[in-house]
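**Q** Here's the letter readout for the chains.
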Amino acid sequence: MSTRSKVWWVVGGVLIVIYCLFPIAWIVSLSLKAPSDVANGQFLPTDPSWTNYSTILTGAASDLFLPALRNSFGICLIATAISCILSMFAAYAIARLDFPGKKLILGTALAVAIFPVISIVTPLFNLWRQIGLYDTWPGLIIPYLSLTLPISIWTMSAFFREIPWEMEQAAQVDGATTWQAFRKVIVPLAAPGVFTTAIIAFFIAWNDFAYGISLTSTDRSRPVPAALGLFTGASQFEDPTGAIAAAAVIVTIPVVVLVLLFQRRIVAGLTNGAVKG
Amino acid sequence: MSQTTLPPVEKTQPVSSPGGAISDRSRAERKLGWLLAGPAFVVMLLVTAYPILQAVYYSLFSYRLTDPENRSFNGLANYWVVLTDPLWWQSVFITLLITVITVAVELVLGFALALVMVKALRNIRPVVRAAILIPYAVITVVSAFAWQFAFNITTGFVNSWFAWLPGVESTTDWFGGTGTSLFVICLAEIWKTTPFISLLLLAGLAQVPEVLQEAAKVDGATRWQRLWKVTIPNMKAAIMVALLFRTLDAFRVFDSIYIMTAGANGTESVSFLAYRQTIARVEIGLGSAVSVLLFLAVVLIAFLFIKGFKVDLAQARGER
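So the sequence lines, in the order shown, correspond to chains A and B. Letter by letter, the first sequence follows residues 1 to 277 of our numbering. Letter by letter, the second sequence follows residues 1 to 320 of our numbering.
If you are wondering where the hints come from, they were derived from the structure by calculation, not from laboratory data. Some hints could be false.
[What the hints assert, rightly or not] Distance condition first, Cα-Cα at most 27 Å in a straight line; then the derived DSS-like pairs of lysine-lysine:
# : chain 1 : residue 1 : chain 2 : residue 2
1 : B       : 229       : A       : 6
2 : B       : 217       : A       : 6
3 : A       : 103       : B       : 229
4 : A       : 102       : B       : 236
5 : A       : 6         : B       : 119
6 : A       : 102       : B       : 307
7 : A       : 103       : B       : 217
8 : B       : 307       : B       : 236
[To be verified] Computed far set for chain B versus chain A, every beta-carbon distance over 12 Å:
#  : residue
9  : 39
10 : 211
11 : 226
12 : 266
13 : 308
[Claimed, not checked] Residues of chain B placed beyond 10 Å of chain A at every Cβ, according to the derived structure:
#  : residue
14 : 74
15 : 85
16 : 93
17 : 210
18 : 219
Yeah, the Cβ is synthetic: ideal placement off N, Cα and C, and Gly gets one too.
Kindly generate the complete structure, drawing on both the sequences and the hints.
**A** Structure, rendered in structure tokens:
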């Protein structure tokens, strides 16, 4: 490549970074604006302050935000764990065993993935009220599985297909017991795939809004995105803009940390199934 | 020790039963396969197939949650009410408009991003890759708020930054009309989901054989010709998969609309209409009918893609 075209590709890269980070920078900047400063019409705060963060963490809005944060973490982690365990078995079977119905399982996962969430909300709303799951953690964990399971099965079976399973026998030939071969050879090979799948599943559960807003009514189980959505209408304080921005920044921190730590794996996980399927 | 002496060859090779006879071994393997994959399969069916069947059932009743006594069977009347209501067709039109605009822009923009990522020098590639994952991973609600606040007449900076553009003034109310509201909604959706498309396209780009590029270069093809005649035809599968998933995803647009306009000024999407009927108006019967119609629309789109464009589902995957 000539120096000139190199420069252009670098410029392109820089433009991409700006494109991706600009709205994030804006919400961070907005969260540092004091209530009197929110309407200054500028990108940056005139005088940065932590007021909004104290409002949502210790002040007037903390009883709205903190329970929601706890709910979000709990519900998303449990849903991620369940779907990872279930799809671990399923992906193992799909990658390693030969049985009729493999296509059916993958096809079902695909169909569930394209399912419109709102179509499930209506019947669940009524059903959950009848059987007492409305506004509870299990009442969200169960529908979250419809979001996390399909992608977990696809991603994990794509990862498992690439594991050189014959290494297990090789280890056994070398004198390892079945358990040793599994633990020392297969687990280290499979762990990255399982871990990456867990991250992607967590992102998806963390992102949910439709279930959260429809199937909860109090801070017993309302997750953060739903709580944010209700900040606007149902808040006691005057201008919720700064508080929403601060809460938005806080819920963005976990995903940014995960992205920065595991970017290579996440990209592999997102694209593996699509191309090599 | 006895369990370590299993003949390893038989275990790794999938048993293809010769001549239709099913051996014990393959029967055992089938059993184990379903035993392992069964729970996930059953859970998937329970959380989707069951509710949608329930929705079909509810949709045949006149049923309002605040008035359960008067629940009565009325056949397809709910569907008739929905399909003859201009509100439904308005929301279908808005949803299709958002879908077509965002998917078209995302495809072009995502392709450009993928090309830059391929060419980006090795030392800046991790930075670009991390940056591109951020919009994908950020909560849709957060992205919707960021864009809404940016364009908002009191909290935003867009009006003062772009005051030099004709039509933009400090008093421009972006959320005051249908067109401008939709513009901001589409911007937010495009920002959030282009990275996902670009990653899929990047994976597709990596599959274009380098020899073909070289051969075309030697034959004197211009950069533009190589793009259209070599690169794009060779990554058709990746493009189609990306298109299919983004189209279905865009068609379900809900979060951004809820946050930005709450359906005001005729920006209601089909998903939002279903939500409003069920949760806000507790019209379970009508809401279920809208939900079932939304489901059928998604199935129809998927069917058209798979039959019309021959998307190979074996290469596709689930993604939301």
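**Q** Which constraints among the numbered hints does this structure fail? Numbers only, ascending.
**A** 3, 7, 9
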